[in-house]
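Engineer: The listed protein sequences correspond, in order, to chains B and P. According to our numbering, the first sequence is numbered sequentially starting from 1184. According to our numbering, the second sequence is numbered sequentially starting from 676.
One should not assume that every hint holds.
[Said to hold, decoys possible] To spell it out: a stretch of chain B is covered by chain P in this simulated footprint if at least three of its residues, at any positions, have a beta carbon under 8 Å from a beta carbon of chain P; those stretches are:
1) 1399 to 1408
2) 1439 to 1453
3) 1462 to 1474
Simulated from the structure, these hints should not be mistaken for lab results. Cβ coordinates follow ideal geometry from the N, Cα and C atoms, glycine included.
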Amino acid sequence: MGGFVGISVRVLIIAAIVCLRPSFSHAFSYANDVPSYQQWMMESDLKYLERVPGTLSSPFLAQIMKHQEFGAGHLLAWLEGRMKIITGAAFRLNVSVVGGESVQEEEDFAFAQTDAVDSRSKVLLTNFGGPIYAAGKRRNLFYQVEVPGIGNVLVDSPRVGLVRVTDALFESIRSRSRKADDSLHAIFRLHNYFHEARHSDGNGESLTMPHVQCPEGHPYAGRYACDYPVNGAYRVGSEVLSALVNKCTDCSQEEKDILGLFRLDEVSRILNLTTNKEESELCKTIREWGRTASFCAQEANEDPSLGGPVWDDKGEVAK
Amino acid sequence: MKRLSAALFALTLVVLAVLVMSHVRTKNVSVQVSAAPEAVASPQTRTQSAPVEIPVQERNLDDWMEKLPTKSDLQKLSDAEVHTMPTAVAHAAEDLAAYAETVRQEPSRRREALEFFKGCAQRDAVIDSLRAYCFAKAVTLQLELKGQVWDPESVPKNIKELATQL
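Take these sequences, add in the hints, and give me the full structure.
Structural biologist: Structure, rendered in structure tokens:
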């Protein structure tokens, strides 16, 4: 009889363990308005990153990660420290002062309102934690944000990591393909996560590492869609993109070209970047033909390691 | 003791039944979740809003070049829309990469492709990133076909330097 009781108790303990374990581990916390397929894809993207073998090649990212030799694990840890809570496209911003009333029609939060992410817009994702922290700092108070399914999130740091994703982030890049969960798309989304995560960095004047107005003559002239420093969000995103493409074993040349064009768009927004042209594929090809080209000649860099002026990227600590 | 063990036995059976049921349910959910990306990946917005386009390998190259996204096209977009690569630019990127792939597979197209990429690289109105890609392709094709570097003054320095980032 005792043996039977013992078996029953063991079965119950095992059942309790099975019931209590999470269904699948989440690196991010998700508001309950994020559709499950989007959660699934984001977690798949992180698993894709986890599986990238060996060390990654990017002197810039090595400096940012503060590791001479860095791999996917370092990238993941960096990302998880800056992008933590994910809300969906329909998320309605509900901000209140800690211990105070709800804040309505606040100009500071106009950027994060749902209206700005309507169905026609192709906004992919927005880091709204940093700007809310910055708004609170300007008023010498802390805000909190109500996140459905999670509760009130105290915004006492730019690294609170509140990010809203939209349906557009999960659409297929290629109109001829229906797949949105292959390497091409994982790399595309991951580099966007890193871009947004960079907006959780900075302090004082560099708080949130904000974009600056693009100058006259630039394709995005007059828009806040450029970076003054060479260590801003566009650089982080484009370097991650490049590092992951270099490691991609199942990307076709055409897919690498598509991602290369995306990289060019981002690099064109970094206003002060000068890089090592001699190491570029184009200049290597020209050299292999025994030729030279004016655009492959090197110029002196202000900061050879990063290729131009940098902003302080230490995350601000609230006093 | 007998009652206790009977109760434990009954409880064990109930728990096992609940576990089996939840496993069946989880399996269904996981099937739905696994299937979702494929369903959602269907380019709803693109196929609904964009007209059916001619495959790149069948296009009139002069017409296509005229339709490449320009700087003035970008001025019509909102700040939020230009924060990441705008859809029109992404479409053009996809098409240019597809065309380059066609040329790789059909070397007989290299001469016409060289002229196309040269024209695209020299068009001031076209967006920098696309011009830089065209420039890189033109330089490579010119090397392959004529053994010379194409480095004209009609392509600005910033476009050439951007091309070295590809």
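Engineer: Each hint: holds or not?
Structural biologist: Outcome of the hint check:
1. 1399 to 1408: holds (count 8)
2. 1439 to 1453: Holds, because 11 residues of the region 1439 to 1453 of chain B bring their Cβ atoms closer than 8 Å to Cβ atoms of chain P.
3. 1462 to 1474: Held - the region 1462 to 1474 of chain B has 8 residues with a Cβ nearer than 8 Å to chain P, which meets the minimum of three.
Checked against the numbered hints given earlier, this structure breaks none of them.
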